[in-house]
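Participant: Chain by chain, the residues:
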Amino acid sequence: GAVVSQHPSWVICKSGTSVKIECRSLDFQATTMFWYRQFPKQSLMLMATSNEGSKATYEQGVEKDKFLINHASLTLSTLTVTSAHPEDSSFYICSASLAGSNTGELFFGEGSRLTVL
Amino acid sequence: SQQGEEDPQALSIQEGENATMNCSYKTSINNLQWYRQNSGRGLVHLILIRSNEREKHSGRLRVTLDTSKKSSSLLITASRAADTASYFCATSGGGAQKLVFGQGTRLTINP
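These protein sequence lines are chains A and B, in that order. Counting from 1044, one number per residue, gives the positions in the first sequence under this note's numbering. Counting from 185, one number per residue, gives the positions in the second sequence under this note's numbering.
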């Protein structure tokens, strides 16, 4: 149980285009999802907290208009990288917490590798 | 920033030996968690230790937490080649569920 699926697992796009990444909780409801990005051989940096039915909370330094987050249902959050540039190339990982759980454990997707040419 | 530091950044040992990784953090926490990441993959939760706990075991894993020193350690006993991965500690605190990750330790187990 508690499986989080991300799609696509990898994507290559041209500079200036927008890319949407989906994060789904397959067998549980997630009122909160988190989006992280990870550069090669570095740690995960939290980008934003996505709450179902409300606006996402972005971390300092993360551009809201650049990284659009939508959490329209209890099982799906999407991250759209708008007008992508080569410096946006990274590994994007989402995680979700079990609705109603107080264990503190998060369940992570397999990540989506974005390459912007 | 609450982001912690881990040491060593990289560790290479022989199969069968024990591996110890350390994590330090800066602010008060509710819990500290350890995750494992194989290259290019997502994260797998290993173990969670609460702020009122000092030690926890899970199989070959042993985690300690010293809140007075704001530090934690992860011990993997009888290491196997399949343990090769990056290991991250992550903390949450202040009522928030979000996790702040340490820099990670890249562990290599040599056959």
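Everything labelled a hint here was simulated from the structure, so no lab data went into it. The structure displayed is predicted, hence computed values, not measured ones. Each hint should be verified, as a subset may be incorrect.
[What the hints assert, rightly or not] Taking beta-carbon pairs under 7 angstroms as the criterion, some of the chain A residues facing chain B (in silico):
hint: 1; residue: H1050
hint: 2; residue: V1054
hint: 3; residue: I1055
hint: 4; residue: C1056
hint: 5; residue: G1059
hint: 6; residue: F1082
hint: 7; residue: T1092
hint: 8; residue: N1094
hint: 9; residue: E1095
hint: 10; residue: G1096
hint: 11; residue: L1141
hint: 12; residue: E1148
hint: 13; residue: G1152
[To be verified] Under the rule of at most 20 angstroms between Cα atoms (straight-line distance), these lysine to aspartate or glutamate pairs were calculated in the DMTMM-like manner:
hint: 14; chain 1: A; residue 1: K1084; chain 2: B; residue 2: E239
hint: 15; chain 1: B; residue 1: K254; chain 2: B; residue 2: D267
hint: 16; chain 1: A; residue 1: K1084; chain 2: B; residue 2: D250
hint: 17; chain 1: A; residue 1: K1057; chain 2: A; residue 2: D1108
hint: 18; chain 1: B; residue 1: K253; chain 2: B; residue 2: D267
hint: 19; chain 1: A; residue 1: K1084; chain 2: B; residue 2: E189
hint: 20; chain 1: B; residue 1: K210; chain 2: B; residue 2: D250
hint: 21; chain 1: B; residue 1: K254; chain 2: B; residue 2: E199
hint: 22; chain 1: B; residue 1: K254; chain 2: B; residue 2: E239
hint: 23; chain 1: B; residue 1: K210; chain 2: A; residue 2: E1153
hint: 24; chain 1: A; residue 1: K1109; chain 2: A; residue 2: D1131
hint: 25; chain 1: B; residue 1: K240; chain 2: A; residue 2: E1102
Backbone N, C-alpha and C fix where the C-beta goes; we use that ideal spot for every residue, glycine too.
Participant: Mind checking the alpha carbons of A/K1109 and A/D1131 for me, to see if they're no more than 20 angstroms apart?
Facilitator: The given pair, whose Cα atoms are some 10 angstroms apart, holds under the 20 angstroms limit.
Participant: Between B/K253 and B/D267, does the CA-CA distance stay at or below 20 angstroms?
Facilitator: It is violated: about 28 angstroms lies between the C-alpha atoms, which goes past 20 angstroms.
Participant: Run the distance test for A/K1084 versus B/E239: straight-line Cα separation, threshold 20 angstroms.
Facilitator: Cα-Cα ~29 angstroms, so violated.
Participant: Does the closest beta carbon of chain B sit nearer than 7 angstroms to the beta carbon of A/G1152?
Facilitator: holds (5 angstroms)
Participant: Against chain B, with CB atoms and a cut of 7 angstroms, does the hint on A/I1055 hold up?
Facilitator: violated (15 angstroms)
Participant: Holds or violated: B/K254 with B/E239, Cα cutoff 20 angstroms?
Facilitator: holds (14 angstroms)
Participant: Double-check A/L1141 for me: the hint is only fine if its C-beta lies closer than 7 angstroms to a C-beta in chain B.
Facilitator: violated (10 angstroms)
Participant: Can A/F1082 be said to touch chain B, with a Cβ gap under 7 angstroms?
Facilitator: violated (12 angstroms)
Participant: Against chain B, is A/E1095 within 7 angstroms by beta-carbon distance?
Facilitator: violated (13 angstroms)
Participant: Tell me if the straight-line CA distance from B/K240 to A/E1102 falls inside 20 angstroms.
Facilitator: Roughly 32 angstroms separates the two Cα atoms, so the pair is violated.
Participant: Given a cut of 7 angstroms on the nearest C-beta pair, is the interface hint for A/N1094 held or broken against chain B?
Facilitator: Since chain B brings no Cβ nearer than about 10 angstroms to A/N1094, farther than 7 angstroms, the hint is violated.
Participant: Check the hint pairing A/K1084 with B/D250 against an upper bound of 20 angstroms on the C-alpha distance.
Facilitator: Measuring from Cα to Cα gives roughly 27 angstroms; hence the hint is violated.
Of the hints listed earlier, those the structure fails to meet are numbers 1, 2, 3, 4, 5, 6, 8, 9, 10, 11, 14, 15, 16, 18, 21, 23 and 25, in rising order.
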